[in-house]
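Asks: Build out the structure end to end from the sequences listed, making use of the hints.
Letter by letter, the chains look like this.
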Amino acid sequence: MKFGVIVFPGSNCDHDAYHVLSKHVGQPVDFIWHKQTDLSEYDALVVPGGFSYGDYLRAGALARFSPVMNAVKNFAAQGKFVFGICNGFQILCEAGLLPGALIRNRDLHFVCRHIHLSVENENTPFTSEVESGKVLSIPIAHAEGNYVCDDETFQNLEENGQIVFRYCDENGAITDAANPNGARSNIAGICNENRNVLGMMPHPERACEGLLGSNDGRDIFRSLTKTIASING
Amino acid sequence: MKAKVYVTLKPGVLDPQGKAIHHSVELLGIEEITDIRQGKYFEIALDADLSETDARNTAENIAKNVLANPVIEDYRVEIVR
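Quick note, the sequences are listed as chains Z and X, same order. Using my numbering, the letters of the first sequence map in sequence onto residues 1 to 233. Using my numbering, the letters of the second sequence map in sequence onto residues 234 to 314.
Rather than coming from a laboratory, the hints here were simulated on the basis of the structure.
Interface residues of chain Z toward chain X, partial, derived using beta-carbon atoms under 8 Å:
no.	residue
1	Arg58
2	Glu94
3	Gly100
4	Ala101
5	Arg104
6	Arg106
7	Asn146
8	Val148
9	Cys149
10	Gly182
Even for Gly, the Cβ is constructed at its ideal location relative to N, Cα and C.
Replies: Here is the structure:
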């Protein structure tokens, strides 16, 4: 099993993702510069957080045109796993790999703190190993995490079980007070219909060591690893 | 030949920056405004020998595929000789 972490100009959570994948997930991992177009040796890609292209125009808007992104689309079309975190989520939305868009936080602030996450669908390759009903504690760090989509898209997301994570309080209640950015229906992470592409605003790679306040991010990486292992036999 | 492209948030999409600007304007003592929405403006220089139709098509293509995100934004193109 091999992971790739895509590096755009301005990515800054690439090393965190690399660290977690190599140290805690314990799998081979490469950095993939955004000009690379051959992704054939990888089972899963992380599109990491940061400020690709300085967030010029819109967050994630210019990264979509990097040469690697066509390869990422083909990679996803083959059913392989693509995991967008924060700016990576924004990029996947801009690239059309996930529906909707992420706009400026409701209160305009850059919000950087631990939040609570409810796992809304435990039946995805990214959440299968999360203990049922567990409320995850994972940090967010973004100014554009306010998820928006039209009513039809929202209905499809709900009906298809594509809403994977919602912001909640420490008891798992999904309330407006627990919504850090104004995201529609407290959406923090969604997947595509095939469940092989996931985007989330919170940073699970920053929640893999007790020293940093939480280990809950490991549940997500462990789920993905186990899924890939079962596919690869 | 120049194309002017205006990108605006679709009606109903929250514009917290516009709201903050509106609030600041009210602090100036100007109270007769009901709303401010922030958008983006682009000037694209095009080859002088393009026809107006070709120039418009080119600018629309750029606006649709790069400058605006159709999920949240509308755009309008003006061609100026």
